[in-house]
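Here are the chains, one letter per residue:
Protein chains: 4
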Amino acid sequence: MPKVLMKGNEAIAEAAIRAGCLNYFAYPITPQSEVAEYLCWRLPEVNGVFLQGESEVAVAYMIFGAAGAGVRVFTTSSSPGISLMSEGISYLCGAELPAVFVNIMRGGPGLGGILPSQADYLQATKGIGHGDCRLLVMAPASVQEAAEMVMQAFPLAEKYRNPVMILGDGLIGQMMEPVEFPDHLRSEPSNKDGWASSGMDHRKSKTRNLVRSLFLDPEQLNRHNMDLRAKYERMKAEEVQYENFNTEGDYQALIVSYGTMSRVCKTAVNMLKEQGIEVGLIRPRTLFPFPEAAIGEAAAKVSCRAVLSVEMSMGQMVEDVERSVRGARPVQWYGKCGGEVPTPEEIIEVVKTTLASDLSRR
Amino acid sequence: MPKVLMKGNEAIAEAAIRAGCLNYFAYPITPQSEVAEYLCWRLPEVNGVFLQGESEVAVAYMIFGAAGAGVRVFTTSSSPGISLMSEGISYLCGAELPAVFVNIMRGGPGLGGILPSQADYLQATKGIGHGDCRLLVMAPASVQEAAEMVMQAFPLAEKYRNPVMILGDGLIGQMMEPVEFPDHLRSEPSNKDGWASSGMDHRKSKTRNLVRSLFLDPEQLNRHNMDLRAKYERMKAEEVQYENFNTEGDYQALIVSYGTMSRVCKTAVNMLKEQGIEVGLIRPRTLFPFPEAAIGEAAAKVSCRAVLSVEMSMGQMVEDVERSVRGARPVQWYGKCGGEVPTPEEIIEVVKTTLASDLSRR
Amino acid sequence: MPKVLMKGNEAIAEAAIRAGCLNYFAYPITPQSEVAEYLCWRLPEVNGVFLQGESEVAVAYMIFGAAGAGVRVFTTSSSPGISLMSEGISYLCGAELPAVFVNIMRGGPGLGGILPSQADYLQATKGIGHGDCRLLVMAPASVQEAAEMVMQAFPLAEKYRNPVMILGDGLIGQMMEPVEFPDHLRSEPSNKDGWASSGMDHRKSKTRNLVRSLFLDPEQLNRHNMDLRAKYERMKAEEVQYENFNTEGDYQALIVSYGTMSRVCKTAVNMLKEQGIEVGLIRPRTLFPFPEAAIGEAAAKVSCRAVLSVEMSMGQMVEDVERSVRGARPVQWYGKCGGEVPTPEEIIEVVKTTLASDLSRR
Amino acid sequence: MPKVLMKGNEAIAEAAIRAGCLNYFAYPITPQSEVAEYLCWRLPEVNGVFLQGESEVAVAYMIFGAAGAGVRVFTTSSSPGISLMSEGISYLCGAELPAVFVNIMRGGPGLGGILPSQADYLQATKGIGHGDCRLLVMAPASVQEAAEMVMQAFPLAEKYRNPVMILGDGLIGQMMEPVEFPDHLRSEPSNKDGWASSGMDHRKSKTRNLVRSLFLDPEQLNRHNMDLRAKYERMKAEEVQYENFNTEGDYQALIVSYGTMSRVCKTAVNMLKEQGIEVGLIRPRTLFPFPEAAIGEAAAKVSCRAVLSVEMSMGQMVEDVERSVRGARPVQWYGKCGGEVPTPEEIIEVVKTTLASDLSRR
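Taken in order, these protein sequences are the chains called B, D, P and F.
If you count by this note's numbering, then the first sequence holds residues 1 to 362, one letter each, in order.
If you count by this note's numbering, then the second sequence holds residues 363 to 724, one letter each, in order.
If you count by this note's numbering, then the third sequence holds residues 725 to 1086, one letter each, in order.
If you count by this note's numbering, then the fourth sequence holds residues 1087 to 1448, one letter each, in order.
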C-alpha cells in the first residue's frame, strides 16, 4: 500500500483496525475527537463495534469488559478524560487485561486548554492509578510512528497481559503526514483461551476462567503483586526503545526529549552544529520502561558537561532523567506548557546559557 | 485536653473539626469508613455539613464547589476511591483551591484487598491527575501524628491554595492510640475574600472573583503553569519534613521508610544495634516535597555502604530515593504489598544480605 | 402574623417550613426554581437541610431515605422532573412512606415549554408510577390555598403513610398574592416510631423496623396491595375536597375546572350571568380522590343540559368528569395547552356553542 | 415457516427482527430478561445492534436517538424499568418519534415482586409521562398474539410517529407456546426522509430535518398539542381492537378482561355456561384506544345486569370500563395483584355473588 496523507488522529484510528482491533469505546474530547469521527463510519465497514460511552468512567469499564472477554479493544482520549479512566486502568492492570489507551495530551491541569502538551508524563509513567500498577508507555514523534506504535501496542498488550498507552501530544493528533501501515506489523490476537471469560464453547480447555483483581488473602495479593512486579521488570529488560541523534562523536551537552518536542530539538541540534556546538540527543520512544541505561551512559561521556530535559511540561520527565544520570552530570529542565511549543531558537539559547553557567553543581 | 484513646480514623475525623473544617463530603470504602461513621453524627453537633456523595467522582466536585466558595472542606477515601477523584483533584490544582484529601491506602491494584498498603505513593506524589499538578503529601506514622497533620493540612492548603493529601496506610486508620488535639494547631481559615466565589455581600472588595482552571490562551496557560511550578518549588523550599533516627553516629546502611512501615524499621534498627550493626533511618514526613537533600547527605556519609527503601509497595518510593542518592550509593528496594507488613526479622535479614553482597554496583 | 405579599413559589417554600418540614431535596427546573432559591438561604436559618441532588432520579431516592428515617421531607419540581421521579414515587407508595411532592406544571410533552399548563393531570392522578400506586393530589387555585395545602399535605401524608402531591400550574408558582400561614395548620409530625428506620435509641419499642416495597411471596404482595387499595378507598371516603360556585339555583350548564383555570371560569360564569345564562361550576380541590359524587349530582340537576371540563390540557380531567357524570349528560372538553390561558370570552363562547348544539348525544 | 415452540419473551425478540427492527437497547430486569439474552446473540447474526444501556433512563434516550435518526428501534423492560423511562417516553411523544416499548409487567408498586401482574394499566394508558402524551397500547393474550402485535407495532408506530407499547403480563413472557411469524406482517420501514435526522446524503430533499419537543412559543406549543390530540383521536377512530366471546346471545353479566387474565375468564365463562349461566366477555386487544363503544353497547344489552372488570391489578381498567358503560349498568371490579392469578373458580364465585346481589345501584 502506498503512503497516504493522513491526520495523526485518523492514522491512529486506521492503524488500530489494521492491527485487528475492531472494538472501540470512547467519549469525545478535543484534541482527539477525529479518532471517533473516523471510526464511527469506518468500524461498521469492517463489522467492528463503535460505541460512545456515557462518560470516560464508563468507557474504562467497557474496555475492561471487552478485554476480559478476550477481544482486542482500545480507546482514545485526552488528559481530563484519561484521569476519569484512572480507576478502571488500575483494575485492568490488576486483572491483567490487555488493552490499548491513546492519550492525545492537552494542556492542564484541570480544564486547561485544548492545545498540545506533554503534561501527562508523570501520570502515564508513574501514578495512573492506585496500587502497584504500570503501563507500557510509547511516545510517537511522527504520524508514521504513531501508526506503527498503535499496531505494535496490541501484541505488546497481549504479551504482557497489561494495558499499553500511546502518549501523544496534540500535535501528533492534528498534523498531517504521509503514512503507511506496514503489513509486517499486522498480528493475530494471541490465544486468550487460557484466561479470557469468553465462554467454554469456543475453547478446548473446559476449565473455568476467572478475570478479577480482587485477592482478599494478603499472601495471595502479595504474590500477585510480586508477579506483576516481575512483569514490569521484564518490560524493562525487553521493551526499552529510544533513538540516538548526533551521539556518535563528542558533544558538550545531551538533550533528552520525546514526541513532537524532540523534532524541534533535532532542528536546534542541527543549527547548533552549524555554530560549532555539538549536542547529543536521546529520544525515548518508550517512556515506561525508560531508557535509563542509555541516558546514563550518554550523559557519562567525558565530553558531556550537562543534561537537558526538554519537555512540553513543567518538569516531569526530568525526574527520570535525573534518576538515569545518577548524579554524574548536572541535569536541567526546560519547557513550556499551555500550547506554545518551544522554538529551536529558544532551545539554542537554553543550551548556550547552560553551558556558560557554572556546572559544578546543579 | 487530656489524651484520649482513639482509632486513627476517628482521630482524623475529630482533628478536622478541631482544625475548623465543618464540611465533609465522602463515599464509604474500607478501610476508612469509620471517618464517615464518626462524622455523620459529630458534624451535626457542631453545625457542620456531612454529605455522602453519589460517587467519588461527585465527591471530588462537591469538594471543588465548597472550596471554591471559600470554606474549609475535606474528604477521606481509600485507593480506588482516590483514583475516581483523579480528574477532580487536577481541577482543584488548576483552579488553585485549598482542600484536604485523606487516603487510607489499601492493597491494589484494582479491587485488590482491604488490608493496609502504601501502594499509592507514586499516584499521590507524581501522577494523581493530568497536567502539571502536584499535591503536598504528608504521611503520618502514628495516630497522634495523623491528627496533627490533619490540623496542619488546612492552613497549608490555604497557604498554597492547593490540595493537601494525608497519605496513611490502613494501619494508621485502624489502630487505636492515645491522642490529643493541640490547641496551638487550631487555625483560622485564611482570608479568602481575594479569590473565593463567596458572594460580594460578605467581603469588602466588590470585584468579581472567578474560580477556574480553563485558560484558552496558550501564553496565559503557560504563565499559569509557570506560577504553579513556582508554587511547587516554594513547597520544596519551605515544607520538607522528615525524621532522623540513629543517624548521629556512623552507620553501615541507611533505611528510608515512612508511615507505619517506618515503625517496624525502627524496631529492626534497634535490634540490629544490639547485634552490633548500625543502621540509620530517615523517615519522610512529607512525601512531596521529598527530603531529597537530607537523604542525599545521609547516604553520602562515608560509613554508609547501601541505601534501602522499605515500603509496603512494589518499588515506588525507591525511585525518589534513587533520585536523592544521585548514584552515590547502591539503592535497593524491599517491600510487600497485599496486607502483610514486613516484620523486623525480615528487614534485619534484608539488611544483612545487602551488606554481605557485592555493593560495587547495584 | 399579617398577610405578606409573596410569589406562589416562595409561599410554598415558607409553608413547608411552617408545617415543620426542615428537609428539602430538589433539582432546579423552570417554573419552580424560586422554591429552591428561597430555601437555600431560608432552611439554614432554621437549621434545616437543603440539598440539591444530582438529578431528579436521585432526589426521589433522597426523599425515600429521609422519609424512611421518619422525618418530614419534600421536593418541588416541574413536569419533566416529576417524570424522572416516577420510579421513586412508586417505591414510596410501595413502602408506604409519607412525603410531599409539589409539581408546578409546565407545558409538555417532552421539553415542551416553560409556561403554565395543567397537562400532568393524568400522570398525577392515574399513572405516576408502575404498580397499584396512588397519590393524594391537591390542586390550589391561589397562592393562599397553595400555602394552606402544603401545610395540610404533611399531616395527610403521615395519616395515610403515602406521598401527597400538590399539583399547581405555573401561574400559581409565579404570581404574587397576599398570603398568611395559619397557625392552626401547624402540626407535629405524627409518631413514626412504629415503622420508621430511625434507630432504636430514640424510641420506646425495641422491635426492628423495616422499610421496604419488596414482597417476594405472591400472597403477601397481594395482601399488601389489598391494604393499599383499602387505604386509597379510605382517601375517597374521607378526603374529597371541592368548591361549589353558582350551583345553588338552576343552571343550564356545569363547568368543572381546577387551579388557576377555575378562576378564569368563574369570571366567565359571572359574565354569563349578566347575559342571563346561568352556569354552575365545581372546582375540585382534590384531584385524587376526585369529587365524583358531587359532580355526578350537580350534572344530574334537571336544568343542566351539558357538562364542560375546562382544562389547560388536551382532555385529561374530562375522563374523570365522564366517569362521574355516568352518561347522565353530554360531557365536553375545552382547553389549551402551551402557556396561553383560555380567556373568559373564549369560555363564554364555548358555553354558548355547546348549549346551542344538539345535546341529545355527545 | 412451521410453528415452533417458543417462550413468549423469545417470540417477542424474534418477532421484532422479523419486523425489520435491528436495533435493541435495554437494561435487564426480571421477568423479561430472556428478550435480551436472546437478542444478544441473535442480533449480531443479522447485523443488528444490541446494546445494554447503563440504566433505563439512558435506554430511553438511546431509543430517542435511534428513532430520531430514522431507524426501527425497540426496548423491553418490566414495571420499575418502564417508570425510569417515563421522561424519555414523554420526549418521544413530544418529538413524534416512532419506537416500540414492551412492558412485561411484574407486581408492584416499588420493587414489588417478580411474578406476573397487570398493574401498569393506568401508567401505560394514562400517565406514562408528563404533558399531553399517549401511547398506542396493545395487550396480547398468547405468545402468538404477542409475536404478531410486535410485528404490527412497528408500522403502527411509524403511521402515527408515536411510541407503541406492548403491555404483557409476566405469564406472556414466560410461557411457551407454538408460534409462527406471518410473512404478511413483515413490513418495510416507512419513508422517514421527511422528518428524520438521518443526514442529507441519503435523501432526495435537501431541507434540514429537526427533531425536537421544545416549542417556546405558547401558540406554537398549543398548536403542536392540538395536532397530537388529533392524532390520538385518529387512533381512537382507526385502531381499536377487541375480541368478543360468548356475546352473540343473551347474557346476564359482561366480563371485561385482557391478556392472560382473559384466558382464565374464558374458562370461567365456559364453566358457567355448563351451569346454565350465560356471561359475555369482551377482551380489549388495544388498551389505548380502549373499545369504549363496544363495551358500552355490550353492557347495554337488555339481558345484561352487571359488568365485571377482572384484572390482575387493584382496580385500574375498571375506570375505563365505567367510562364506557356510562352508568347504564353497575360496574364491579375483581382482581388480585402480586403474582397469583385468579382461578376460574374464583371468577365463577364472583359472578354468582354479583348477580345475586342487589344491582339497582353500585
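Heads up, a few of these hints could be off.
Said to hold, decoys possible - Listed next, the in silico DSS-like pairs over lysine-lysine satisfying Cα-Cα at most 30 Å (straight line):
no., chain 1, residue 1, chain 2, residue 2
1, D, K663, B, K301
2, B, K352, D, K598
3, F, K1317, P, K1076
Everything labelled a hint here was simulated from the structure, so no lab data went into it.
Note that the coordinates shown come from a computational prediction; the quantities given were computed from them, not determined experimentally.
For each hint, the structure was consulted:
no., hint, in the structure
1, K663(D) x K301(B), "holds, 27 Å"
2, K352(B) x K598(D), "holds, 27 Å"
3, K1317(F) x K1076(P), "holds, 27 Å"
Checked against the numbered hints given earlier, the structure satisfies every one of them.
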